Amino acid sequence: MEPRIQYARTKDGVNIAYGVFGEGLPLIYTPSAHGIGVHYYTYLSYSRRSVDQLTAAGFQVVRYDGRGTGSSDRMPTEFSLETDVLDLAAVADRLGFERFTLVGHFAGAQAAIAYATRRPERVSHLVLRDPWASGSEMYQMFPGNRVLFAMRPFAEQQWDLVSITIAAVGFGLADSDISKEYASAIRSGITPATWVAHSEASDEIDITDLLENLSVPTLVVLDTALPGRPPNAIGEWGAPVKKIVAAIPDARLVTTGDLGVAVSEFVRAGSQAPAAAARSPGGLQTILFTDVEGSTAFTDRMGDAAAREVLRKHERITREALKTHGGSEVKTMGDGFMASFGSATRALECAVAVQRAFADGDIRVRIGLNAGEPIAEDDPGGRGDLFGTAVIVAARIAAQAHGGEILVSDVVRQLVAGKGFLFSDRGDHALKGFEDPVRVWEVRWREE
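All residue numbers for the sequence shown refer to the numbering used here, where the first residue is 677 and numbers rise by one.
Source of the hints: derived by calculation from the structure; they are not laboratory data. Don't take each hint at face value.
Claimed, not checked - Ranges of calculated distance between the beta carbons of each label pair, as one might list FRET restraints:
| id | residue 1 | residue 2 | range |
| --- | --- | --- | --- |
| 1 | Lys989 | Pro796 | 44 to 50 Å |
| 2 | Lys989 | Ser721 | 48 to 54 Å |
| 3 | Asp882 | Lys999 | 51 to 57 Å |
Here the structure is a predicted model, which means the values were calculated and not measured. C-beta: ideal position from N, C-alpha, C; glycine also.
Modelling step: build the complete structure from the supplied sequences, incorporating the hints.
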């Protein structure tokens, strides 16, 4: 399936194409070979396999094309580590993720490492897949790369031959189908002149000095399923990988053919802690609050018994919706619920289901949602609860709603972009306890 292409604009004015796959914990995957990223998903089954493994493991995967390649602006022909970081930063800023897992693949690992050293507060976990630190070392170490170096002067005149050679160096010729796919992806994803310029720039990039400065949890993956890779990959091909692992404080190395399982185990293991300690519930969460409008007034009007029956209906419907849409009930407050979701889309679908269930009745429910990384703690009774800014903002937004409304923060709106929801801008709201106003959007859930 063709990805839905969206664009982020860099600080130096370049439009970067990106696509979003799946739902769950946010993960940005840098371009791999020759600066190409999301373009490979269409043309290369090997790239699709990697994305599918990650989405199956519960990640929302973002892939993008670096400048000069794929669906990004093709005009820039000057490349460097700084421009690679600008492209990555533009996508991260456009998506608005507070924190995310960052995957750097092949030469893309260099930009990922540079970004993680500069913005460690935004990178929850760093995954380096078949990385290298120095471009010049790669060309010196492997004969195939030296062949490509020699072919650069002939790229314009012999682009078909050069692209086939690039495929042979990358995947070998044992599997001709994958080599043909890769050659086609190269020809359609980058021009000969840009390939030469990008390759020459890559020769000059060396991030060896940055490795010891990494402070984020880091996993290094040697992919055993790479077509054309020698059986003894760690011995014959793994020298640049081992060099990186040795230099990064506390880095882990795994050899695997399933990227999704490796990354999932790494990310989720990092969120485990003793039950009584403060901890993250697993990265980005969408927090949902419901509240029955006017519960005090109708309790006074109807009496305790009748009012309790009304609230029981709210509890039953809300719990059924949470179960259907994968939500976790955090707590109930008598006339309302607090719940969390690993997917913003499912959280909104749940909110819409609740409102539709009450649309023709006497109960009017207010719902508010926000997304972020809450802190999980056990209360004195041993029950789990969530705390922090993400939770407080969600509660404040719910309080702004009227009965029958669903209000969300701008973070939630961006997370579900392209998922078919309609929004009305309710403007900036000054929320109690927060210095800066928060942009709030109403979900148009009623069928029009």
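Here's how the hints hold up against the structure:
no. : hint                         : verdict
1   : Lys989 to Pro796: 44 to 50 Å : holds (48 Å)
2   : Lys989 to Ser721: 48 to 54 Å : holds (50 Å)
3   : Asp882 to Lys999: 51 to 57 Å : holds (53 Å)
Of the numbered hints listed earlier, not one is contradicted by the structure.
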